[in-house]
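S.K.: Residues per chain are reported as follows:
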Amino acid sequence: MNRLMTAIERILALAFIAAVCLNFANVVGRYGFGRSIAAADEIQIYIMVFMAFLGAAVVSWRRQHLRMDVLVRFLPPGLQAALRICEIVLLAAVAGFVLVQSWRYSAQMLAIGRTSDVGGIPMWIPHGAVTLGFFLILVVSLRSSK
Amino acid sequence: MSFALGVLPVALLLLGFPIYLVLLTAVSVALIFYMNVPLVVLHQNLFGAIDAFALLAVPFFIYAGELMSRGSVAQRIVDFVQAGVGRVPGSLGVTTVGTSAIFGAISGASAATVATVGKAMLPAMRRAGYPEPFAAGLITAVGAIDIIIPPSIPLIVYGMAAQESVPRLYAAGVLPGLLIAGLLAIYVVWTAKRQGFEVGSPFRLSAFLRAAARGAWALGAPFIILGGIYGGIFSPTEAAAVACVYAALVTWVVFRELGWSDVVEAAASTALFTGQVLIIVACAGVFAWLLTVQQVPQALVAWIQSLGVSQGEFLLVANVLLLLVGCFLDPLSAILLLTPLLIPVVKALGIDMVHFGIVVTVNLAIGLFHPPFGINIFVAQSALGLKLEVIYRGIVPFILIYLGALALITYVPQISLAGVRWFLL
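Just so you know, the sequences run in chain order A and B. With the first letter of the first sequence counted as 1, position 52 gets the number 52 in my numbering; the numbers rise by one all the way through. Basically my numbering = 1-based index in the second sequence + 146.
Don't read these hints as lab results, they were simulated from the structure. It is possible that part of the hints are untrue.
[Unchecked claim] Here are the in silico distance ranges between beta carbons for each label pair:
id : chain 1 : residue 1 : chain 2 : residue 2 : range
1  : B       : SER452    : A       : GLN64     : 55 to 61 angstroms
2  : B       : PRO517    : A       : ALA111    : 41 to 47 angstroms
3  : B       : SER456    : A       : ARG73     : 36 to 42 angstroms
4  : B       : GLY373    : A       : ILE85     : 24 to 30 angstroms
5  : B       : ALA200    : A       : VAL100    : 28 to 34 angstroms
6  : A       : ALA25     : B       : TYR180    : 29 to 35 angstroms
Backbone N, C-alpha and C define an ideal beta-carbon position, used for all residues, glycine too.
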């Protein structure tokens with residue numbers, strides 16, 4: 001699991017560098033040559049969507065999500081452990097629920113062959129980032145319960 | 147419904163559950179048990195909340211800051227500011243303030259500034275005999291300017307949540323940021339005179355020009371970012387991407403301090419930050435949609451109007467609320483949770499949304515270093531090896547200075563709004 005998460009992190013990092021280069025190329029193209037890459041904005045946004053949802057799965061695995069844990073620190077260790085179990089159960093339930101809804105939507109995008117407005121990118125790909133992200137979060141929560 | 151939108155999220159938040167899980171649980175419970183709408187709205191809103199080009203500026207600016215804080219950029223800015231400060235009592239403290247302000251115009255991430263500028267300035271202040279609590283308090287507090295001075299990540303998120311122009315917010319952040327920096331510098335000089343701290347070397351033009359030449363590449367970043375945005379050349383997102391390329395070129399090619407692996411490592415840490423923050427943006431988007439369809443903001447506006455609350459009274463209450471929330475929550479989560487509720491009231495009372503954005507940001511900036519849980523306190527503790535009780539003792543006067551500045555910024559809107567008139571072409 002650790003290797004998978006590190007690989008996802010690495011792929012997201014390289015995709016992000018590509019997004020930066022694409023944006024910069026567009027600025028140079030617009031001012032230098034009066035032209036720009038039509039689908040550049042869409043590709044960058046979809047990379048960010050992948051970073052948000054797949055990145056969230058990596059963050060879940062590393063237990064680095066933002067939370068307000070200042071009050072919990074004062075609770076007895078037993079109660080803290082019980083809360084941790086509650087969190088894992090709740091995470092699995094909510095991630096499972098979102099996964100089902102997201103899967104239905106992405107499958108619908110695939111079935112009707114919807115593409116993006118400018119670049120013609122099949123829309124099941126960016127929407128699938130939400131599905132894949134919550135699938136990974138579900139896997140992380142199930143692994144954490146062991 | 148009040149259980150799903152009120153009791154449940156507040157309880158889960160206080161119990162320390164991840165913020166995105168708190169929001170997602172509340173939304174899921176509302177959709178399953180209280181509403182009769184197609185469940186597909188959950189996915190649509192999660193995706194729709196981050197399907198926005200403007201939001202790309204968040205990871206881009208974080209990446210530029212990550213790259214710039216890895217080399218000798220901070221030290222070069224320190225040398226430049228110190229050479230310019232000249233024969234001033236407490237010159238090292240003033241240099242700390244000036245360096246943080248300039249670094250804030252590059253990075254916009256407060257914790258990174260505390261660690262980077264602190265590492266450069268704390269040993270120097272210790273050697274010069276500054277009392278440890280004073281140096282610790284100054285370094286911990288001064289980094290908070292960075293989320294007020296543009297490019298600021300919280301201002302981008304506020305702009306998105308309140309549907310306000312980011313360039314206008316950026317123009318409005320300049321004077322409040324400089325006001326706080328000025329007040330901090332005045333306090334440093336006053337304390338230095340009273341307690342007999344070191345006095346800087348006399349200003350020498352040749353030394354200043356040498357330091358300026360050495361720091362020119364580092365000092366170029368704010369000009370490109372802010373000049374590009376205010377000049378109407380780039381959108382904030384494009385300015386952020388140009389800043390990334392500039393930062394990579396300066397640290398990798400010009401200074402030869404970073405390699406390809408560092409560039410990728412900085413991108414990986416940016417990707418993780420994006421995963422931490424944008425998942426909350428996505429979930430807050432669904433939560434805000436739910437509040438809107440349940441007409442919660444309208445009910446809140448009607449209630450506030452029935453109380454006959456004036457602009458000034460509302461701003462006072464909002465300040466207290468934001469200061470309290472800022473003590474426990476990071477600025478981005480606080481903005482995403484509170485903006486959908488506060489903005490309709492702000493609009494109804496006729497308060498300028500740009501001005502309110504700056505008020506929100508200054509409040510949450512104070513939360514960054516306010517005891518007992520301000521994140522910058524822990525950054526100073528871990529990155530600089532400062533003792534917690536020493537920071538707590540030293541931070542009090544700086545909190546009072548920020549609160550004084552907050553009162554001015556809240557009740558004199560021109561401090562924020564003059565920048566919008568001056569800087570935007």
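S.K.: Now tell me, hint by hint, if it's right for this structure.
M.R.: Verification of the hints:
1. SER452/B to GLN64/A: 55 to 61 angstroms: The hinted range 55 to 61 angstroms is violated for SER452/B and GLN64/A, with Cβ atoms some 43 angstroms apart.
2. PRO517/B to ALA111/A: 41 to 47 angstroms: About 56 angstroms separates the Cβ atoms of PRO517/B and ALA111/A, which means 41 to 47 angstroms is violated.
3. SER456/B to ARG73/A: 36 to 42 angstroms: holds (40 angstroms)
4. GLY373/B to ILE85/A: 24 to 30 angstroms: violated (53 angstroms)
5. ALA200/B to VAL100/A: 28 to 34 angstroms: About 31 angstroms separates the Cβ atoms of ALA200/B and VAL100/A, which means 28 to 34 angstroms holds.
6. ALA25/A to TYR180/B: 29 to 35 angstroms: violated (48 angstroms)
When held up to the earlier numbered hints, the structure conflicts with 1, 2, 4, 6 and fits the remainder.
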